[in-house]
Amino acid sequence: MGQRSPLVTLAAAAVGLVALLVVNSTQTTSTGPASSEAAVTSAPVTPPNTARPAASPPPTNPQPTATKQAAPTPTQQVAVVYAGRTANREASLAIAVKGGRAAAYVCDGRRVEAWLTGTRTGDALALRSRAGDRVVGTLGNGQVTGTVTVHGRTLRFTISKADPPAGLYRAKTSANTIGWIVLADGSQVGIDNDGTPAPAPPLDPSTGTSTVGGTAVTATSVTGDETF
Amino acid sequence: MSTATIGATSRVAIPLSIGAAVAVVLGLYARLHEPTGVAVNLAGFSSTQSVKAWLASLAFVLALVQLISALALFGHLRPLAGRSWIGPLHRWSGRAAVAATLPVVAHCLYALGFQYDQPRVLIHSLLGCFFYGAFVAKMLTLTRTDASRWLLPAVGGAVFAGLVGVWLTSSLWFFTTFGIIR
Chain A
1 MGQRSPLVTL AAAAVGLVAL LVVNSTQTTS TGPASSEAAV TSAPVTPPNT ARPAASPPPT
61 NPQPTATKQA APTPTQQVAV VYAGRTANRE ASLAIAVKGG RAAAYVCDGR RVEAWLTGTR
121 TGDALALRSR AGDRVVGTLG NGQVTGTVTV HGRTLRFTIS KADPPAGLYR AKTSANTIGW
181 IVLADGSQVG IDNDGTPAPA PPLDPSTGTS TVGGTAVTAT SVTGDETF
Chain B
1 MSTATIGATS RVAIPLSIGA AVAVVLGLYA RLHEPTGVAV NLAGFSSTQS VKAWLASLAF
61 VLALVQLISA LALFGHLRPL AGRSWIGPLH RWSGRAAVAA TLPVVAHCLY ALGFQYDQPR
121 VLIHSLLGCF FYGAFVAKML TLTRTDASRW LLPAVGGAVF AGLVGVWLTS SLWFFTTFGI
181 IR
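Residue numbers (full-length UniProt numbering), protein chains in the order written: chain A, 1 to 228; chain B, 1 to 182.
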């Protein structure tokens, strides 16, 4: 057994690690092409099913103040929505939790979006989109902390409970699906996807209405037990 | 007499302390470096996380080969005793295992960093640093013919235990949470 071969192995491992770190760092600067690729692949995300009627529930969330502090148990069928931005403000994220189920929407307000559904087990949230995007988070102190992976990018987030009119809204017409995240400061981001994602027109959160291409659409508030 | 003691101590202490230093440096880098969240994705997999989970699982399987071939090298497995291919198998499966973990650790270090908001994540971060420290200590131990007899199995066992722990807190968790998916 050669005395040098372990050192060669060690050096090769170190060089390999450094090379991979460099490759990773080149990815940071090429976010432009990465997100355009994401925009192309996000087109099939738009689900073809219209199983849920889009307009029936009122846009405001039933959120009794009693649940404000107490951590909701899985038996409580009360919707709680968390909304905010990712750690470096790359995208906005809203997660609605109802009982053991959760639904989430991630979007950058321009081209990248994902609708996710999943489960809540104790304090742990795990959601997936049809395209394989993921949200993993932990509930605690009125916040959700975790990571979201959209089209291969993993972003960290800590988002807080959002009381109406802040929250997550969705409208579906025959041609397009629109998602809006209304943040606690009243600002909103959204994407109108008719096969090609584009910035959404403004939503009036008090009435849950918006005008898309001259037509009025009604958005519903996402509560967490939806299927997208 | 005293120089002999110092020599014996340093033979053990030098590889171990360099390994410990590597573990600490990795942890510090992971903690102090601003995580970018950006990841290189691989074609054919649904996400970076699943790529990492599968690569780590490959390393885990190779680590089992490592354990068995190491037992054979030390003569604990009678059917495999004296086979000449055991040594090369041990060396190359080990190199392959470490190579498989490199893309994973590069992503962990660069995009995610050292995190501790959950017990699983804290244990994973600590074990990840420990694994590479133990790997460095083991490679350095191999270069010394005068090392104590117990040292090589000890650091080898530490590398194996570290990898198993890292795998349990990441890939196994991933597969049990999301299912066995690509």
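Check each hint, because a few of them may be wrong.
[Unchecked claim] Some chain A residues flagged as far from chain B (calculated, every beta-carbon gap over 10 Å):
id, residue
1, Arg4
2, Gly16
3, Asp163
[To be verified] Computed list of lysine to any residue pairs in SDA-like fashion (alpha-carbon distance at most 25 Å, straight line):
id, chain 1, residue 1, chain 2, residue 2
4, A, Lys161, A, Gly142
5, A, Lys98, B, Gln118
6, A, Lys161, B, Val121
7, A, Lys161, A, Asn176
8, A, Lys98, A, Glu226
9, A, Lys98, B, Gly179
10, A, Lys161, B, Pro119
11, A, Lys161, A, Ala216
12, A, Lys161, B, Gln115
13, A, Lys161, B, Gly179
14, A, Lys98, A, Ser5
15, A, Lys98, B, Ala96
16, A, Lys98, A, Asp185
17, A, Lys98, B, Ala20
18, A, Lys161, A, Gly214
19, A, Lys161, A, Val212
20, A, Lys98, B, Trp173
21, A, Lys161, B, Gln118
22, A, Lys98, B, Thr177
23, A, Lys98, B, Thr176
24, A, Lys161, A, Gly186
By construction, these hints were calculated from the structure, which means they are not laboratory data.
Idealized CB from N, CA, C, for every residue including glycine.
How the hints compare with the structure:
1. Arg4: violated (7 Å)
2. Gly16: violated (5 Å)
3. Asp163: holds (24 Å)
4. Lys161/A - Gly142/A: holds (5 Å)
5. Lys98/A - Gln118/B: The given pair, whose Cα atoms are some 23 Å apart, holds under the 25 Å limit.
6. Lys161/A - Val121/B: holds (23 Å)
7. Lys161/A - Asn176/A: Cα-Cα ~28 Å, so violated.
8. Lys98/A - Glu226/A: holds (10 Å)
9. Lys98/A - Gly179/B: holds (22 Å)
10. Lys161/A - Pro119/B: Measuring from Cα to Cα gives roughly 23 Å; hence the hint holds.
11. Lys161/A - Ala216/A: Distance ~29 Å between Lys161/A and Ala216/A Cα, so the pair is violated.
12. Lys161/A - Gln115/B: holds (23 Å)
13. Lys161/A - Gly179/B: Roughly 29 Å separates the two Cα atoms, so the pair is violated.
14. Lys98/A - Ser5/A: violated (57 Å)
15. Lys98/A - Ala96/B: violated (45 Å)
16. Lys98/A - Asp185/A: OK: Lys98/A and Asp185/A at ~23 Å, within 25 Å.
17. Lys98/A - Ala20/B: At roughly 46 Å apart (the allowed maximum being 25 Å), Ala20/B and Lys98/A break the hint.
18. Lys161/A - Gly214/A: violated (33 Å)
19. Lys161/A - Val212/A: violated (29 Å)
20. Lys98/A - Trp173/B: Holds: Lys98/A and Trp173/B sit about 24 Å apart, inside 25 Å.
21. Lys161/A - Gln118/B: holds (20 Å)
22. Lys98/A - Thr177/B: holds (19 Å)
23. Lys98/A - Thr176/B: holds (22 Å)
24. Lys161/A - Gly186/A: holds (14 Å)
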